[in-house]
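> Given next are the chains, with one letter for each unit.
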Amino acid sequence: MTKSLFDKIWDSHCVDTNENGTSLLYIDRHVVHEVTSAQAFEGLRAANRGPWRKGSILATPDHQVPTTQRNQGIAAISDGLARLQVKTLDENCNEHDILQFDLDDIRQGIVHVVGPEQGATLPGMTLVCGDSHTSTHGAFAALAQGIGTSEVEHVLATQCLIQKKPLSMRITVDGKLPSGSTAKDLILYIIGQVGMAGANGYVIEYAGTAIRELSMEGRMTVCNMSIEMGARAGFIGFDKTTESYLSGRPFAPRAALQQQALEHWLTLHSDKGASFDKEYIFNSDDITPHVTWGTSPEHVLPITGSVPTPSNLDETQRNQHERALEYMGLSAGMPLIGIPIDRVFVGSCTNGRIEDIRAVAALLDGKTIASTIKEAIVVPGSGLVKAQAEQEGLHEIILSAGFEWRHPGCSMCNAMNPDRLEAGERCASTSNRNFEGRQGTGGRTHLVSPVMAAAAAVSGHLTDARTLDQEE
Amino acid sequence: MEKFIRHSGRVIPMNRANVDTDAIMPKQYLKCISRYGYGDWVFDSWRYLDPGDVDTPISQRRINPEFELNKPIYSSASVLLAQNNFGCGSSREHAVWGLRDYGIKVIIAPGFPDIFLNNCFANGLLPVRLEQQDVNRLFDLAESDHGLSITIDLDSQDLEFESQKINFKIDENSRQSLIKGYDSIEATLQQSKKIETFERRYFNQYSWLEVDLK
Ligand code: SF4
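Taken in order, these protein sequences are the chains called W and V.
Numbered according to this note's numbering, the first sequence spans residues 1009 to 1480.
Numbered according to this note's numbering, the second sequence spans residues 82 to 295.
There may be inaccurate statements among the hints.
Calculated cross-link-like contacts (lysine-lysine; reagent style DSS-like; alpha-carbon spacing at most 25 Å) [what the hints assert, rightly or not]: (1) W:Lys1172 / V:Lys152; (2) W:Lys1286 / V:Lys250; (3) W:Lys1062 / V:Lys274; (4) V:Lys274 / V:Lys261; (5) W:Lys1172 / V:Lys275.
The set of hints was computed from the structure by calculation and includes no laboratory data.
Given the structure is predicted, the values throughout are model-derived calculations rather than measurements.
One chain only, chain V, in its complex shape (with noise of 0.2 Å):
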């Protein structure tokens, strides 16, 4: 996976709570069975104004100019703002992939579910949580007419905007996978000793665990 280590870029605020992962990629595309090529149909239903399945052309949909995501002075912008318990829902990772492959690099919110932060975690994209406040005053900024742009140092776990700083904590581990871009199931067969000692003790103890399934 690609490193993360700084980021900078533009701001979209999305100003709504419990945006949830239906939403974020809506069920018509969890038919592929690819990880990439979902970046066109993230949020479709909010994006276009007519529906849409995983065949249509995308050059023939109409786009729905309200939206967040299609005002011009949010067009390439990398960093998305959101209120509260972004994610929610389903544990589908499509709307990850959906984000990622948008061009999202940071999301910040007030709060996340727990299976989409690991599924960001697991995509190279970086969940920030903030105290509300901050939030708000990040939504003031980039919602004026200028927008704004923002810096974000996973090193030193700070968010950098017009002369300002704010400093966020993400839990360890994860800042390490990010910064290391570590494939994950090859740092845990690196244990696989471990893993082994543990089953024989564990299957001894319980060995009706210790029955396959046939």
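This is chain W alone, in the form it adopts within the complex (with noise of 0.2 Å):
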């Protein structure tokens, strides 16, 4: 029979099916972190209960977490509440045995970044997080979903998720990415297209040359932002690239086991002929670096476009879009290129990875940040990609051109640290999110790709980092 990837991932780990057709999902591996997960260890305690499987957990605090002084540990952390909750995890954790990278630990950062970095995201696996971000983990050929508290506290009583099987879409996209274009360009390409809720109650395998083409960096970087479409979750393939990122991860199989587990994932990619629910293709030409002009991540546009005018759009629309351009600051047929920015930030989940950081320095060698820019920082999404980052001398660079070198965290992706915008300030951000108030009440957000970020901050304003040494 033809299978899909999600098929084949999904019939493995059905435990059971009822006459409505609700199926029990068994979960291979549960990523926990500070803010959604206090209430599910409570929830547990007062019923008594206890983790199904505590091998499954892996837990890290990410985001409160500060990114200066970190030696002091979870003292560091100035808002009493969120330094409780910081306290809550380690705690829980401590009473029920669950591997945790507490503060002090180099291995500790942005779960996203950490669970794929251990290896202890595998192929085929199914994985949940109380985060709408674990879409991440399916660059690696598995089933990650995004959960609220409940079901957090469900998992960690059952291993498993009571779930319908969401419907499928496939979205290939063939040909090579023009120079200077990145995966969150492919990404932010394809927000555009497919709309913010146009992937509600589907998964979607992405597919084509210009996705296997992508390092794993890359399309974690794709997955991560399924979410942006609604989508339960994003996958891509097994092959090659996963196969060589995975040898010799702390967590990833060894020796007999590694054979074994290998055989399974050479199996995991949809058949030819398997059929889906929905299908999109796309052009990789049409691929051009992109950027956010609104308060969604579909109001996303061609670096060298213009702020798009609402005339032809239904009511309800043009009223989104009209506070979307006064939430922002922005009139209808300015040029893209050119709004000035207040800030820079590169990190989170999206793009935090070593990859991110590489090219940031890459772009910012021999250059500085205009005077105009207030605060520049990069926050690397673990503890390791910051010491790798260190190792590689390009700390150095992104210092001397005026950044801030922080310590790994969430930081200003969502603001829940003291790294946030001030009102009306504005920023180009290699984050997910360009929500009302996302990186700080009355904050303005630009998304961008990390290369994209970098010239933002050389420049003083939004600007084609193709095309930057041609700026006087």
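Assembly of the complex is requested from the two constituent chains, each provided in isolation within its own frame, with the hints serving as guidance.
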């Protein structure tokens, strides 16, 4: 029988399906962070239950951790409630003997950077985390889903998720990405085409030569933003790139187990002729560097474009469009190049990996950021990413360009720690959401790739990284 | 969980699409470690004119009179009418806790994202998906001077208002769990044997996955 990758993973994890068509789906890996887990552990305690399989869980604090002064551990968290939450995670992990990379551990970082980096995310797995960007792990041919806190508790207690099988979508991008375009531009472009609600009810398989040619880091960037179209998950079939990334990772199988695993992993792709409920095919030539102009990731355009005019939209869309322009302090028709930037943020589970930092350092080499930039920060996705970058000397280039070099965490992606925008400030950000207030109340976000963020820092305004050297 | 069979209430029209969970429950309130007490903060940055945090006394906040929830005609309404993709973005269940604690029982929209749907069901809130034209019809009534009251019957899956009826469908499993108000963990644990049998077979086949993280 021809099966899609999704069918294969789903079928192998189905414990049971009831008369309503709802399944119990077995979960291999549970990734946990401080913000969405406290109430779940509390629920377990109240019902006198324990985790079903504690060895399946990996925890690390990330959302509220400070990116400066990390030598003081939890005490360095200035906000009392945030400190309590990180401490609560620590206590819950200790109580249940769950593996946690705490604040002092070099392996600490953003959950979606840490899991893959450790080889805790493996092909064919089902993986959940109380975080919508869990789709990141799908880059490894895994079914990785974000869940709410009640579901976190359910998975802790039963190792299963109650779920009706979602619909499947395949997005194929063939050809070669134009020079100067990155995985971030690819996914921003796709979101612009599919729309913010376009994948509600679906899981997405990304396919085609442009996807195949991406590194694992690039694939994670793409899968990461699947949720920005409403998708339950996003994934990419297993291949040599996946295999070599995993080889030698601490939790990846070794020796005889590795051979067994590999045999299975090699089956983790959609069979020829597999069917999908919906298909999109895009041409890679259209994927030039992109930037968002509004307050939804679907408000996205090539950097060479202008802020759109809302004339040919229906009333609800027009209202939303006008609200977005007002919030962003922009007017229709303005060219995107030249919009002045106050702060620059490089980091997050979308673009906080080593390849992203290399790209930023390559662009910044020998340059300095514009004097009008109030603050530009690079926040590595994990302690190990940071160490790797330092070993390569990237932090020196970044520091001498005028950026700050921070400790790992979610940081200004969602501004739950002290890194945030002030009202009215405008940021070129490598993160994944440009919602109102996402990076700080009243803050304005333009989503871009790491090179485009670095270029904006150098110019002091949104600009096309490909032609940066021609700017005077 | 409280059972949901039938509910009647006033409708608050919120004529915006893609309302995200960052807007429903801003980040500063995600620091709390309880499941309750989020009602005063739902839609915080739209609802108040000044910024707030967990310890800002609500009595000192400046109310935004323009915001839907604050209009006297909609006070004590319990049915939220929204446009497509309500609840998109972050998986934070705090958004649903906020709506629930504010007193919302039913949310009607042309569509919802999956994580938000699950979070609603887990907390006894009923998300109702209707065709865009029906949603538009309800908006016209709810935004009129006299407003709109509505009855939602989960048994017959009908919306009743002003001697009209619209039938809706929700996933049968979710409907059952709302009607019975049961604890889904308890229900799953009753299938422990099945899960254990599955695990034995599964780990026999995929032995590398049985290895504990340490
Ligand atoms: S980096 Fe941003 S999107 Fe990713 S987990 Fe952290 S807060 Fe969420």
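> Compare the structure with each hint and give your call.
Right, here's what the structure says about each hint:
{"no.": "1", "hint": "W:Lys1172 / V:Lys152", "in the structure": "violated, 39 Å"}
{"no.": "2", "hint": "W:Lys1286 / V:Lys250", "in the structure": "holds, 22 Å"}
{"no.": "3", "hint": "W:Lys1062 / V:Lys274", "in the structure": "holds, 18 Å"}
{"no.": "4", "hint": "V:Lys274 / V:Lys261", "in the structure": "holds, 23 Å"}
{"no.": "5", "hint": "W:Lys1172 / V:Lys275", "in the structure": "holds, 18 Å"}
Violated hint: 1 only; the structure is consistent with all others.
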